[in-house]
Amino acid sequence: VVTERQPTEREWGELLFAWKVCKHVRSNAIVLAKELGTAGIGAGQMSRVDSVRLAVEKSLVPLTGAGLASDAFFPFADGPQLALDAGVTAIMQPGGSRNDEEVIKACNAAGAAMVFAARRHFRH
1332 VVTERQPTER EWGELLFAWK VCKHVRSNAI VLAKELGTAG IGAGQMSRVD
1382 SVRLAVEKSL VPLTGAGLAS DAFFPFADGP QLALDAGVTA IMQPGGSRND
1432 EEVIKACNAA GAAMVFAARR HFRH
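Heads up, the sequence shown is in this note's numbering, so the first residue is 1332 and it goes up one at a time.
It should be emphasised that the hints constitute simulated quantities derived from the structure, not laboratory data. Certain hints may be false.
Straight-line distance between alpha carbons at most 27 Å, and here's what the computed BS3-like set of lysine-lysine pairs gives [stated by the list, open to error]:
| hint | residue 1 | residue 2 |
| --- | --- | --- |
| 1 | Lys1351 | Lys1436 |
| 2 | Lys1354 | Lys1389 |
| 3 | Lys1351 | Lys1389 |
Please read all numbers here as calculations on a predicted model, not as lab measurements.
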């Protein structure tokens, strides 16, 4: 956990579920999870922020309290910010970007939790 706030028990469930689904999605994968189900998927885009936008737009449920998993690090805070603005409260990603601090600050400012995974699922 790299943010000031720890994920709740419910958020841990959402994050772990989304992380498992993310492993099976094409690169630049973003998986949104709510109530231990897939709420939205964005993948195959040229940029991570576009994958987040697609996942949010395709979601058929309100995303308040949802978890997000990303198959690779966020190079900028714009992707996480888009998810946070949609209601996501917890994010799991591998980390490793030069801008990790910027991304963490965005989560802290929103009161969201962020976890760095020990590995990435990105496939190219």
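Here's how the hints hold up against the structure:
Between Lys1351 and Lys1436 the CA atoms are separated by roughly 26 Å; this keeps the pair inside 27 Å, and the hint holds. The hinted pair formed by Lys1354 and Lys1389 meets the criterion: a straight-line CA distance of about 19 Å does not exceed 27 Å. For the hint linking Lys1351 to Lys1389, the alpha-carbon distance of about 19 Å falls within 27 Å, and the restraint holds.
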